[in-house]
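Undergrad: So the chains spell out like this:
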Amino acid sequence: MIDMRNTTLKMCTLAFVLCCSSCGGIHNALNPSGPQAHNLSRLWWLMFIVCSAVFVIVMIAVFLSLRNRTGDSQATPQIEPPREQERKRSNVVVTAVTITVVILFVFLIASFSAGRSMTAGLEHKNGLTVEITGHQWWWEVRYPDASANNIFTTANEIHIPIGVPVTFSLKGGDVIHSFWVPNLAGKKDLIPGKINTMWLQADKPGVYRGQCAEYCGLQHARMALWIVAEPQEQFNAWRQSQTGTSIPPSSDSQKRGQQVFLTSTCVMCHAINGTPAGSNIGPNLTHVASRNMIAAATLVNTREHLAQWIRDSQTFKPGNKMPQNNLSDADLNSLVDYLQSLK
Amino acid sequence: MSQKEAQNEEPRNEGRPRAPLVERIDVDREELADVMKREKEELERTWARPTGIIGWFIDTDHKAIAKRYIITAFIFFVFGGIEAALMRIQLMRPDNHFLTPDQYNQIFTVHGTTMMFLFAVPIMTAMGIYLVPLMIGARDVAFPRLNLYGYFVYLIGGILLYTGFVLNTGPDAGWFAYVPLSGPGFSPGKRVDIWAQMITFTELSGLAGAVVVIGTAFKMRAPGMSLNRLPLFVWAQVVTSFMIIFAMPSVMLASGFLASDRLIDTHFFNPAEGGDAILYQHLFWFFGHPEVYIIFIPALGFISPIIVTFARRKIFGYVPLVLSLISTAFIGFGLWVHHMFATPIPQMGQSLFTAASMMIAIPSGVQIFCWIATLWGSKLNIKTPLLFVLGFFAIFIIGGLTGVMLASVPLDLQIHDTFFVVAHLHYVLIGGSVFPLFGAFYYWFPKWTGRMLSESAGRLNFWLMFIGFNLVFFPMHQLGLNGMPRRVYTYLPETGWGTLNLVASIGAFILASGVLVFIINVFWARAAGAVAGDNPWAADSLEWATTSPPPNYNFHNLPVVQGRYPIWQATADAPVVRGLSTTSRETLVTSVLDAQPELCFDIPGPSIWPFLLSLATAVMFVAGIFTPWAILTGAILGGIVLTCWFFGDPNYKNKTARETGKRSQPVRPAPELRPKEV
Numbered sequence: 006m007i008d009m010r011n012t013t014l015k016m017c018t019l020a021f022v023l024c025c026s027s028c029g030g031i032h033n034a035l036n037p038s039g040p041q042a043h044n045l046s047r048l049w050w051l052m053f054i055v056c057s058a059v060f061v062i063v064m065i066a067v068f069l070s071l072r073n074r075t076g077d078s079q080a081t082p083q084i085e086p087p088r089e090q091e092r093k094r095s096n097v098v099v100t101a102v103t104i105t106v107v108i109l110f111v112f113l114i115a116s117f118s119a120g121r122s123m124t125a126g127l128e129h130k131n132g133l134t135v136e137i138t139g140h141q142w143w144w145e146v147r148y149p150d151a152s153a154n155n156i157f158t159t160a161n162e163i164h165i166p167i168g169v170p171v172t173f174s175l176k177g178g179d180v181i182h183s184f185w186v187p188n189l190a191g192k193k194d195l196i197p198g199k200i201n202t203m204w205l206q207a208d209k210p211g212v213y214r215g216q217c218a219e220y221c222g223l224q225h226a227r228m229a230l231w232i233v234a235e236p237q238e239q240f241n242a243w244r245q246s247q248t249g250t251s252i253p254p255s256s257d258s259q260k261r262g263q264q265v266f267l268t269s270t271c272v273m274c275h276a277i278n279g280t281p282a283g284s285n286i287g288p289n290l291t292h293v294a295s296r297n298m299i300a301a302a303t304l305v306n307t308r309e310h311l312a313q314w315i316r317d318s319q320t321f322k323p324g325n326k327m328p329q330n331n332l333s334d335a336d337l338n339s340l341v342d343y344l345q346s347l348k
Numbered sequence: 034m035s036q037k038e039a040q041n042e043e044p045r046n047e048g049r050p051r052a053p054l055v056e057r058i059d060v061d062r063e064e065l066a067d068v069m070k071r072e073k074e075e076l077e078r079t080w081a082r083p084t085g086i087i088g089w090f091i092d093t094d095h096k097a098i099a100k101r102y103i104i105t106a107f108i109f110f111v112f113g114g115i116e117a118a119l120m121r122i123q124l125m126r127p128d129n130h131f132l133t134p135d136q137y138n139q140i141f142t143v144h145g146t147t148m149m150f151l152f153a154v155p156i157m158t159a160m161g162i163y164l165v166p167l168m169i170g171a172r173d174v175a176f177p178r179l180n181l182y183g184y185f186v187y188l189i190g191g192i193l194l195y196t197g198f199v200l201n202t203g204p205d206a207g208w209f210a211y212v213p214l215s216g217p218g219f220s221p222g223k224r225v226d227i228w229a230q231m232i233t234f235t236e237l238s239g240l241a242g243a244v245v246v247i248g249t250a251f252k253m254r255a256p257g258m259s260l261n262r263l264p265l266f267v268w269a270q271v272v273t274s275f276m277i278i279f280a281m282p283s284v285m286l287a288s289g290f291l292a293s294d295r296l297i298d299t300h301f302f303n304p305a306e307g308g309d310a311i312l313y314q315h316l317f318w319f320f321g322h323p324e325v326y327i328i329f330i331p332a333l334g335f336i337s338p339i340i341v342t343f344a345r346r347k348i349f350g351y352v353p354l355v356l357s358l359i360s361t362a363f364i365g366f367g368l369w370v371h372h373m374f375a376t377p378i379p380q381m382g383q384s385l386f387t388a389a390s391m392m393i394a395i396p397s398g399v400q401i402f403c404w405i406a407t408l409w410g411s412k413l414n415i416k417t418p419l420l421f422v423l424g425f426f427a428i429f430i431i432g433g434l435t436g437v438m439l440a441s442v443p444l445d446l447q448i449h450d451t452f453f454v455v456a457h458l459h460y461v462l463i464g465g466s467v468f469p470l471f472g473a474f475y476y477w478f479p480k481w482t483g484r485m486l487s488e489s490a491g492r493l494n495f496w497l498m499f500i501g502f503n504l505v506f507f508p509m510h511q512l513g514l515n516g517m518p519r520r521v522y523t524y525l526p527e528t529g530w531g532t533l534n535l536v537a538s539i540g541a542f543i544l545a546s547g548v549l550v551f552i553i554n555v556f557w558a559r560a561a562g563a564v565a566g567d568n569p570w571a572a573d574s575l576e577w578a579t580t581s582p583p584p585n586y587n588f589h590n591l592p593v594v595q596g597r598y599p600i601w602q603a604t605a606d607a608p609v610v611r612g613l614s615t616t617s618r619e620t621l622v623t624s625v626l627d628a629q630p631e632l633c634f635d636i637p638g639p640s641i642w643p644f645l646l647s648l649a650t651a652v653m654f655v656a657g658i659f660t661p662w663a664i665l666t667g668a669i670l671g672g673i674v675l676t677c678w679f680f681g682d683p684n685y686k687n688k689t690a691r692e693t694g695k696r697s698q699p700v701r702p703a704p705e706l707r708p709k710e711v
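Line by line, the protein sequences give chains A and B. Residue numbers 6 to 348, in the working numbering, belong to the letters of the first sequence in order. Residue numbers 34 to 711, in the working numbering, belong to the letters of the second sequence in order.
Hints were generated in silico from the structure; no laboratory data involved. Cβ atoms here follow ideal geometry from the backbone N, Cα and C, with glycine treated the same way. Don't take each hint at face value.
What the hints assert, rightly or not - Pairwise CB distance ranges (calculated):
1) A:G211 x B:S384: 46 to 54 Å
2) A:G279 x B:P661: 49 to 57 Å
3) A:K260 x B:T133: 35 to 43 Å
4) A:P328 x B:L675: 49 to 57 Å
5) A:E89 x B:I415: 48 to 56 Å
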């Protein structure tokens, strides 16, 4: 039994070290960066501390009940234990159950009030609205606007201004996905045929990573997104830059790249506003060069990655919908030149 | 309360007159010995089990069927464990290429499906099928042929799943196969069909097992075993069986609708045609959450007898324990929506399910407190079964507490569908079910085989499993909070999830070595274990009142129960049931509440029809993967077999039940039921 005591001690130490060592990171529920996640992390710590205390107390009781280990396994059983002793034990058990009920009641109230503060006023948040549609295996992001000219679509990278609540309208494109950015808020599912709504707010500028949380098929593991939170002016500038049509190719290589794009299979799935390419099966590439990552936040958006991805995306993300492309080196080079000019 | 209990000890008999239960007669000792010997020979002949290959297909002995169930389920447990090990190797480091994404997705789906449907539920039912008749003093289960049918459909379902898996047609949509991912549009091929039909097979087998257990426990108890004396193990089995009967139809709808969406183009779950993807989730989880308790409640039934035996005193709080089991079962049906908090469900609806999910912690708490109160102050001699129960306390309480966290809607939205949930569900299911199950193996192995498992290997087994388990699953809580979703085949190095995953993978191998020690221990004990005797633990319930292993007819004379602890409370001149035929498979049918003898009844014996019916069922559902006509063909074949089963049976005529009063002879004293000094 000494062993068991040590193990428990080690487990507690381990738990403590683990919890302390990892408070940080851009993909962490315990490093809250917005009011939603703050509420959640307060609730978490309340439950964690109370539950740990309950665990320790019950374990102490178990160990104390094992004090006397001199038993004879064939000893005469006690079928009528002393009344007085049983009565005392009943009192202790009833007290323990009462305490359990009280603790659960406290949790219930804490949970309700956290829940209310998180959904309260969803309909009154007049700030920015972002529409997200889940696809196998990337995120379509649309910024609606009263003026049709200002509506634009991008993918996998969501810019939001800091300090204001942003409403997310979540739709399922094919199968069920789940939108989750742990530093900012809890998750909500994107379900075909339904619209799910949530809001979140970032208080600090920064990049927050999220990943699809509902199993959605072969590449569920490679379906991440970034939320880029930035001050309002920066956000406005970004938004402005995204609304226009694409930048026309300037160099010869870029012009050739555009021709490659428009004459190969690319055009069957991708759109580049301002060109004849208008399909919306894959991510919109109008401003692809302005994004930090490609392939649903899997690869850094560099020249090499872009070229490798176009040539054979299946090595990075087997099963994704993009076919292999047998472009000549020169064509590929021009195509990448063109795509990299689409700021 | 103790006063009330004392009152309940006496079986109630107000309301209807009956003949005195006990009649004393004087016998000549020598004559008695002769009669006993002759009866024993007759019983051996009457209850002889068929041998040979044919015998395997027709044998209806509940112990043989249960053993087969246990061994088959344990083999599936090992398969599931190997799949888990493969997944842990894949996740050992970021960007690992040990498995392809397709292999990984098949493996985690088959792992979950195996552990839930082919291991956990069947093995818990099997424990009941073996032990319930022995604990209540019956010759066999109530419907031995239905029982045999249940085993065969289960076996066919398991073989179907693994045939698909080996042929690279393993299901890959997760063990709850959410639509539309599992629908015809996104899972072409036959993978999900195999999953859906396998579910149908295990549902059938689960329902058969549940009916068998309820029938046996309610109508075949030894005289005197009124419901308030029913062993807690049997209570747990009865409660579980009722849960199975209410939960299974729901998943039958879910998997049936899914199969017809895929096979005959219905649109139950297709939003584009007016179907609803959320409907599937409701139907599945209305079964899926009670399923957890279907696995967990039988394990609670293992814990009580083990604690009573080792604490060497009566259980503290029999009535609260029974009520806790029943209330767990009721509340268990009211919290399925906590699996769906991330879907658009109004807050008021969610709140109800939060409250229910938290409420279910109360009966669990009551049980744990009662067990601690039973252990408190007892002089203990800690043997392996009790060690596993203590391991259960440590692990299950963590799982229960994280369960309370998951019940809270806002917190659930953070940790739902992450590795936190993976940690939670393994803490609950391995801690809550597998640890008690291993304790139960060590506890009842002597009864099954007549030999003891090695104690020192048992301790090694426990510590390897305990340490390994915590190493695998404790870090997963942290991984979940750090944002690692479940069911990912790999992760980027920048996420920083590598170290904890490595720790978990190392733990997995320690856990696996613990299971390996157990398997070696079993083979060693079969060959060279110490001979156990009838009652090696000096325990209290009736299964220990017969030989180890028990004879085919379980008891020479069915016992008469005098208290909640039949062996401990048996008086020197404890009566037994006399007058049952020894030349036909006759057993006693007793009343539901007070277990007063009502009828004598011939239990059906070996038959080939259950096996043939399971083949007809297989035609219906396996061929049903490919063509809807198979349903019709299978139904016709099944109808023919059932007709033969009921009317072509030579035993049928003898099944006429007879009034006890006319046939049975007085109950008289016999030496068998005395507490044995081992």
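Undergrad: Each of the hints needs a verdict: does it hold here or not?
TA: Outcome of the hint check:
| no. | hint | result |
| --- | --- | --- |
| 1 | A:G211 x B:S384: 46 to 54 Å | violated, 34 Å |
| 2 | A:G279 x B:P661: 49 to 57 Å | holds, 52 Å |
| 3 | A:K260 x B:T133: 35 to 43 Å | holds, 40 Å |
| 4 | A:P328 x B:L675: 49 to 57 Å | holds, 54 Å |
| 5 | A:E89 x B:I415: 48 to 56 Å | violated, 27 Å |
In the structure shown, a violation is registered for the earlier hints numbered 1, 5, in ascending order.
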